[in-house]
Amino acid sequence: MIPLIVFKEGYSVLGNGTSLESWGNILLWVIVLTLLTYGNRELEIWRITKDVERYLKFFKRTRDRAISVVLSSVRENAQKYKRKLDLRLLEDRISQLIESVFIQPESKDPFKIITKLKHLVLIEDKRLGNEIKALVPSLEDNEVENLKNMVSVARELNSIYKMLEHYYRLARKFKNLWLLIQLQSLMPFMSEEIKALEKSLDAFKNGYPLGDSVGPLVASRFIFKHTTEFKPTEIVENTIMVEVPFDARRVYVIKAKGPSGCTGHLDDAISELIKELKGKIDLIVTVDASVKLEGEKTGSVVDGVGVAIGGLGVEKFNIEEIATTNNIPLYAVVVKMSATEALSIMSKDIALAVDTAVERVERIIRERSKEGGNIVLVGVGNTIGVYP
Amino acid sequence: MVRNKSTAYSSENTSSIEQIRRKWALLFTTIAIISTILALTMLVILLYEGIKEPYFMINMILLSLALFSTYNAIKYYRVKQPKPSKVMSLLRCYECNYRELREAKKGEYVYKNMGECPKCGSNRYYIERIYLEREEIKTRTS
Chain A
1 MIPLIVFKEG YSVLGNGTSL ESWGNILLWV IVLTLLTYGN RELEIWRITK
51 DVERYLKFFK RTRDRAISVV LSSVRENAQK YKRKLDLRLL EDRISQLIES
101 VFIQPESKDP FKIITKLKHL VLIEDKRLGN EIKALVPSLE DNEVENLKNM
151 VSVARELNSI YKMLEHYYRL ARKFKNLWLL IQLQSLMPFM SEEIKALEKS
201 LDAFKNGYPL GDSVGPLVAS RFIFKHTTEF KPTEIVENTI MVEVPFDARR
251 VYVIKAKGPS GCTGHLDDAI SELIKELKGK IDLIVTVDAS VKLEGEKTGS
301 VVDGVGVAIG GLGVEKFNIE EIATTNNIPL YAVVVKMSAT EALSIMSKDI
351 ALAVDTAVER VERIIRERSK EGGNIVLVGV GNTIGVYP
Chain B
1001 MVRNKSTAYS SENTSSIEQI RRKWALLFTT IAIISTILAL TMLVILLYEG
1051 IKEPYFMINM ILLSLALFST YNAIKYYRVK QPKPSKVMSL LRCYECNYRE
1101 LREAKKGEYV YKNMGECPKC GSNRYYIERI YLEREEIKTR TS
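For the protein sequence lines, the chains are A and B, in the order given.
The first sequence begins at 1 in the working numbering and counts up one residue at a time.
The second sequence begins at 1001 in the working numbering and counts up one residue at a time.
Just so you know, not all the hints are guaranteed correct.
When the alpha-carbon atoms are kept at most 30 Å apart in a straight line, the in silico DSS-like pairs for lysine-lysine are as follows [unchecked claim]:
no.: 1; chain 1: B; residue 1: Lys-1105; chain 2: A; residue 2: Lys-195
no.: 2; chain 1: A; residue 1: Lys-84; chain 2: B; residue 2: Lys-1106
no.: 3; chain 1: A; residue 1: Lys-133; chain 2: B; residue 2: Lys-1106
no.: 4; chain 1: B; residue 1: Lys-1112; chain 2: A; residue 2: Lys-80
no.: 5; chain 1: B; residue 1: Lys-1083; chain 2: A; residue 2: Lys-348
no.: 6; chain 1: A; residue 1: Lys-80; chain 2: B; residue 2: Lys-1106
no.: 7; chain 1: A; residue 1: Lys-348; chain 2: B; residue 2: Lys-1080
no.: 8; chain 1: B; residue 1: Lys-1086; chain 2: A; residue 2: Lys-297
no.: 9; chain 1: A; residue 1: Lys-225; chain 2: B; residue 2: Lys-1119
no.: 10; chain 1: B; residue 1: Lys-1075; chain 2: A; residue 2: Lys-297
no.: 11; chain 1: A; residue 1: Lys-126; chain 2: A; residue 2: Lys-195
no.: 12; chain 1: B; residue 1: Lys-1112; chain 2: A; residue 2: Lys-126
no.: 13; chain 1: B; residue 1: Lys-1075; chain 2: A; residue 2: Lys-60
no.: 14; chain 1: B; residue 1: Lys-1112; chain 2: A; residue 2: Lys-60
Please keep in mind that the hints were generated in silico from the structure rather than gathered at the bench.
Given these sequences and hints, build the entire structure.
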């Protein structure tokens, strides 16, 4: 052991020093150890705080960039239609939109909660569209849809940043190491989500298909593969239906109306179609993107039973309800990808998986329905950059 | 022109990663060189003069610092830059199967009719795919 105070050469605390010197050394050691223990804790808090701050700075930068992308897109669109915009007013309106809240329905009594949720979602969708139209009235529908998507992304980024910053400030205020540790461990996952949302802005701005557009793309590929002449019918708002002949069967392909960035009202479209066909449907096949597990490969195609559809669960509930009431078998085809890939511009692996997914859909139709039957194929997801 | 727009984010990220990499690699290399020179000089003196405390301990600390900085410098030199990404459009004629792969332009979408096929003149000439090529999406799940 190295003595802290050397009185004479060869002296050590463990040696035969004078008692005063020994006590002095011991006291010094105790002080040093106490400082080290306390200092270590403080150092740990400082290190974690800096780490969390670093992530928060990145999130804030991303949020700000998203807002500026939204603003520049609105300005670009306004310029296209030769409309002058008051920049301050525009910023105010966009920031109000980004700060606006969506209050979920009360769930203490869950009776009819899906109906209430759907009602609120529809109101929210219309409100967002009307706000954007109020800014630039001459915008076309697909431009409004793309701007709506961009505002939604900026809103999501803003809410994530604000929530994380709130917990960070709380932890700093009460010097709570455990809250900081929890925040720090959460940050890499949030960072992935933020990066994914940021990448989706690029797609929405340019109108390119996302990873999530794989469902509508499979539906479109099926249409173009099996028919040369077709006329899409807008069966419900923002949702189209195309009748395609396939192996002596009639396949009714339903998807959101492209190439704008919308998801359509698939449940209403199926309900409408069932009414038209008086319930004579042999099976419903849904195609969607699905989040892959760690070991799974991007673009792998899997099929199964049920409704492949994400979101708040409104459409899934309604399709299941319709199918159960009419005794229609439900089959699903999913294309695996990571959450980041689902929100980024479609990757090559996913684009190549579309053909495999179409083949799987064809096989399901051939094997599980009889000739002369009516089949519904639903392409689920955001149809940005995918026609019809 | 359009490609530059579509890859704006990725090129921005690439340059910032490169800046950070250079900064830290330079810092650790400098620390590694200085601490190695000091540690070796001190070691030589100690070998000639005889090992004395606390100089030996200081020498050990300097050596550890040299090793730590060298390790970090190597780590930063090894960081690979993400490859630049391109958004590609695959055009296909549904009559003669003629295909053309080129960079996507703003406003293009899948199954946009691209007019007449340059090979057979059919009007069933569409954009069949639009996808992001050669981008390394670094996620914890992929």
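Status of the hints after comparison with the structure:
Under the criterion of a C-alpha separation no larger than 30 Å, the hint pairing B:Lys-1105 with A:Lys-195 is consistent with the structure, at around 24 Å. Taking the CA atoms of A:Lys-84 and B:Lys-1106, the gap is about 24 Å. The hint holds against a cut of 30 Å. Distance restraint check for A:Lys-133 and B:Lys-1106: the Cα-Cα separation of roughly 22 Å lies within the 30 Å cut-off, and the hinted pair is therefore satisfied. Annotation: proposed proximity of B:Lys-1112 to A:Lys-80 holds, straight-line Cα distance about 22 Å (limit 30 Å).
Among the hinted pairs, B:Lys-1083 with A:Lys-348 is consistent with the structure: their alpha-carbon atoms are about 15 Å apart, no more than 30 Å. Simply put, A:Lys-80 and B:Lys-1106 have alpha-carbon atoms about 15 Å apart, close enough for the 30 Å limit, and the pair holds. Distance restraint check for A:Lys-348 and B:Lys-1080: the Cα-Cα separation of roughly 22 Å lies within the 30 Å cut-off, and the hinted pair is therefore satisfied. Pair hint B:Lys-1086 plus A:Lys-297 holds up; C-alpha atoms about 22 Å apart against a cutoff of 30 Å.
A threshold of 30 Å between alpha carbons decides the hint, and for A:Lys-225 with B:Lys-1119 the separation of about 20 Å falls inside it, so the pair holds. Restraint check for B:Lys-1075 and A:Lys-297: satisfied, since their Cα atoms lie roughly 28 Å apart, inside the 30 Å limit. Among the hinted pairs, A:Lys-126 with A:Lys-195 is consistent with the structure: their alpha-carbon atoms are about 28 Å apart, no more than 30 Å. Proximity of B:Lys-1112 to A:Lys-126 is assessed by CA-CA distance (about 28 Å); at most 30 Å being required, the pair is judged to hold.
For the hint pairing B:Lys-1075 with A:Lys-60, the CA-to-CA distance comes to about 28 Å; that is within 30 Å, so the pair holds. A threshold of 30 Å between alpha carbons decides the hint, and for B:Lys-1112 with A:Lys-60 the separation of about 37 Å lies outside it, so the pair is violated.
Hint 14 from the list above is the single one not met by this structure.
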